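Please construct the entire structure, taking both the sequences and the accompanying hints into account.
One line per chain: the protein sequences are A and B, in this order.
Residue numbers for the first sequence follow my numbering, so the first one is 1 and each next one is one higher.
Residue numbers for the second sequence follow my numbering, so the first one is 1 and each next one is one higher.
Treat the hints as calculated values from the structure; they're not laboratory data.
There's no promise every hint is true.
A pair counts as met if it fits within one copy or between any two copies, since identical chains are not told apart.
[What the hints assert, rightly or not] List of simulated lysine-lysine pairs, DSBU-like, C-alpha gap at most 35 Å:
hint: 1; residue 1: 360; residue 2: 249
hint: 2; residue 1: 360; residue 2: 80
hint: 3; residue 1: 161; residue 2: 6
hint: 4; residue 1: 9; residue 2: 158
hint: 5; residue 1: 360; residue 2: 206
hint: 6; residue 1: 108; residue 2: 6
hint: 7; residue 1: 127; residue 2: 269
hint: 8; residue 1: 269; residue 2: 189
hint: 9; residue 1: 108; residue 2: 360
hint: 10; residue 1: 206; residue 2: 189
hint: 11; residue 1: 269; residue 2: 249
hint: 12; residue 1: 80; residue 2: 269
hint: 13; residue 1: 9; residue 2: 127
hint: 14; residue 1: 15; residue 2: 249
hint: 15; residue 1: 249; residue 2: 206
hint: 16; residue 1: 271; residue 2: 158
hint: 17; residue 1: 182; residue 2: 249
Bear in mind that the values here come from a model prediction, so they are computed numbers and not experimental data.
Number of protein chains: 2
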Amino acid sequence: MYETNKLLKSIGISKPSLLLDKNRVLSNIEKMASKAKASGVRFRPHFKTHQSAEIGNWFRDFGVTAITVSSLDMAMYFAKHGWSDITVAFITNVLEMNEINDLSGRIKLNLLVDSEQVLSTLNQQLKCRVGIWIKIDTGYHRTGVLWDDFDSLNSLVKRIKSSPLLDFRGLLTHAGHSYRAKSLDEIRKIHKETISRMLSAKDYLKDIGIVTCEISVGDTPTCSIVGDFVGVDEIRSGNFVFYDLMQEKLGSCTENELAVAVACPVVGKYKDRNQIVLYGGAVHLSNAYIPDEYGRQIFGYLTNLQNRTFGSIIKNAPVISLTQEHGVVSVDDELFNEIDVADFVLVFPVHSCLTCNLYKEYHSVQGEIISRL
Amino acid sequence: MYETNKLLKSIGISKPSLLLDKNRVLSNIEKMASKAKASGVRFRPHFKTHQSAEIGNWFRDFGVTAITVSSLDMAMYFAKHGWSDITVAFITNVLEMNEINDLSGRIKLNLLVDSEQVLSTLNQQLKCRVGIWIKIDTGYHRTGVLWDDFDSLNSLVKRIKSSPLLDFRGLLTHAGHSYRAKSLDEIRKIHKETISRMLSAKDYLKDIGIVTCEISVGDTPTCSIVGDFVGVDEIRSGNFVFYDLMQEKLGSCTENELAVAVACPVVGKYKDRNQIVLYGGAVHLSNAYIPDEYGRQIFGYLTNLQNRTFGSIIKNAPVISLTQEHGVVSVDDELFNEIDVADFVLVFPVHSCLTCNLYKEYHSVQGEIISRL
Chain A
1 MYETNKLLKS IGISKPSLLL DKNRVLSNIE KMASKAKASG VRFRPHFKTH
51 QSAEIGNWFR DFGVTAITVS SLDMAMYFAK HGWSDITVAF ITNVLEMNEI
101 NDLSGRIKLN LLVDSEQVLS TLNQQLKCRV GIWIKIDTGY HRTGVLWDDF
151 DSLNSLVKRI KSSPLLDFRG LLTHAGHSYR AKSLDEIRKI HKETISRMLS
201 AKDYLKDIGI VTCEISVGDT PTCSIVGDFV GVDEIRSGNF VFYDLMQEKL
251 GSCTENELAV AVACPVVGKY KDRNQIVLYG GAVHLSNAYI PDEYGRQIFG
301 YLTNLQNRTF GSIIKNAPVI SLTQEHGVVS VDDELFNEID VADFVLVFPV
351 HSCLTCNLYK EYHSVQGEII SRL
Chain B
1 MYETNKLLKS IGISKPSLLL DKNRVLSNIE KMASKAKASG VRFRPHFKTH
51 QSAEIGNWFR DFGVTAITVS SLDMAMYFAK HGWSDITVAF ITNVLEMNEI
101 NDLSGRIKLN LLVDSEQVLS TLNQQLKCRV GIWIKIDTGY HRTGVLWDDF
151 DSLNSLVKRI KSSPLLDFRG LLTHAGHSYR AKSLDEIRKI HKETISRMLS
201 AKDYLKDIGI VTCEISVGDT PTCSIVGDFV GVDEIRSGNF VFYDLMQEKL
251 GSCTENELAV AVACPVVGKY KDRNQIVLYG GAVHLSNAYI PDEYGRQIFG
301 YLTNLQNRTF GSIIKNAPVI SLTQEHGVVS VDDELFNEID VADFVLVFPV
351 HSCLTCNLYK EYHSVQGEII SRL
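Structure representation (structure tokens):
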């Protein structure tokens with residue numbers, strides 16, 4: 001814990017703060033970019049995890065020129081910071097037509113549709129050309145046209161093709177059910193099924209004369225685990241930039257790839273129950289959890305700093321409960337004795353996208369402050 | 001749904017937004033303030049739920065002059081907005097001594113301690129007088145000195161009494177285990193036990209010669225349900241200002257007292273599974289949940305606007321899953337047909353403190369915009 005305290009106190013923080021290891025982030029980006037390159041697919045990373053213009057710039061060195069976001073707010077932010085090819089990977093919220101018309105006049109904006117209603121509003125109110133992806137449901141059952149609902153596909157694609165301001169780009173899916181997989185084999189199976197279903201839909205379109213149709217896929221578990229992307233034109237993974245405990249549990253990453261942690265001051269120690277209490281609660285970590293082998297809900301695990309990077313996941317130091325500003329950590333005798341009130345401890349988050357969303361800035365272990373949206 | 005859409009579109013919002021009914025808020029404040037007055041206890045409401053200077057001002061009309069917050073950041077914010085008697089109801093984070101010394105020179109600042117370490121740092125580094133409460137653990141087992149650990153109590157109180165800058169105020173507890181109660185009777189039982197344990201500790205202090213010692217309690221479930229506060233000097237409830245689905249389930253409030261809801265645009269409808277998908281996810285609602293009678297995790301229930309206030313909890317329209325920006329709502333045939341893509345729906349949050357924390361402002365159904373910390 002000595003190095004953790006020394007660093008955190010030297011950078012002048014005194015309350016829960018989001019810490020990032022830039023070297024790990026760069027290594028995570030490099031690995032995913034190389035894999036995309038080796039497979040000959042476009043790498044259009046999702047920026048909803050980091051939501052930072054500065055971290056976005058780190059991707060440019062790896063040849064990234066096109067990005068994915070999940071809201072028009074994020075698209076506006078990254079457009080302001082020099083990104084000119086952006087896909088909003090969320091069914092288009094046509095209530096935001098002002099933002100859509102503003103952006104589509106300035107950048108290559110790509111939107112998602114899965115219904116006639118949305119297409120109809122776009123047709124009536126668009127002022128500039130946009131790229132259009134049809135969202136396909138390959139088994140996650142959140143949004144999208146079912147992959148084998150060829151009638152709907154036919155009618156949507158015809159409507160897009162007949163519209164002067166809509167450029168049909170292809171079929172896009174998010175195999176989010178990979179997050180519920182119990183093994184690496186199950187993740188590989190989901191990926192295989194996803195690609196096969198996407199290709200069926202593409203074949204159908206070919207049969208009705210639509211020959212130009214890209215395939216875009218993109219969840220972090222499958223993009224991390226599978227070796228290649230045969231049949232795919234574009235991958236959109238995002239969480240891989242930081243990873244988190246949920247991904248580590250799934251097998252998408254190793255603990256050495258976890259690139260963010262939350263630094264929390266210790267405010268109390270309770271010997272009768274071997275617990276330490278952190279200034280660090282649901283508003284600092286989010287209340288996402290993973291189950292442990294005893295069926296408990298775990299909201300994070302402690303780690304520490306070793307040679308200016310994050311150490312192992314300390315499995316015998318789980319965050320076992322969270323309230324608004326408090327986190328309760330169960331520790332063994334050794335750790336209990338080692339940690340003092342007013343020390344800092346580091347917590348690996350369960351779901352880094354939700355945790356990072358709670359902060360205005362990152363502190364890197366390299367000593368920089370990096371701002372967010 | 002007609003009134004909901006009409007109002008929300010008239011106030012010019014186009015994405016997930018936090019909505020508040022000012023009349024309900026005022027009524028909730030009035031009820032709690034009257035109950036405190038009738039019991040002859042000081043009402044020191046917790047402002048961590050709303051975190052808004054403007055909403056804070058609404059309390060002044062009900063005679064409130066002293067408040068509770070859960071962080072030094074909030075204390076700084078409310079001090080800037082004219083509050084001069086503030087208790088930070090969180091074990092003191094001594095890493096923030098700069099903030100403590102700044103505030104204690106300007107306002108009546110009250111801090112919590114439960115350990116020698118924190119007292120020791122305060123003694124060494126404080127520059128002005130502060131009020132000190134000893135945090136007591138009456139059964140919640142988060143922080144605090146165990147109510148019957150008289151040795152620790154003795155040693156802490158003696159140290160406070162001997163210190164020139166520390167004014168001993170009394171014993172403070174948070175019976176947070178009331179949130180896990182299964183019935184109103186169990187909540188009443190917890191309250192009774194809490195008061196009895198606090199009075200035991202107070203009696204002990206009297207025996208060792210400490211005659212001035214206040215008792216402060218404060219969770220919303222017990223403060224909402226019990227009829228009086230015999231033996232208590234101060235109540236600190238906070239969530240009651242808005243309440244939420246968790247409180248309604250506990251029986252702390254009725255559905256007519258729910259004072260906030262999140263307005264979310266509908267982006268998709270999926271007839272094969274009778275689900276609608278909202279632009280409104282974990283970053284707009286928080287991923288707090290309550291179980292329903294089928295054991296499902298419920299992240300919110302729809303409601304609507306009727307005569308400019310919130311309607312009933314629509315129990316057959318639960319939010320059954322949340323991801324970063326998506327919410328999936330299961331609806332019956334009638335509601336499915338009634339709701340269209342690009343409509344707004346309203347979602348009652350499970351835990352309003354966490355939901356409100358995700359927004360920079362409230363929109364009142366009365367047409368105002370109210371800013372937050």
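### Task
Taking the numbered hints from earlier one at a time, note which ones the structure violates and give those numbers from smallest to largest.
5, 15
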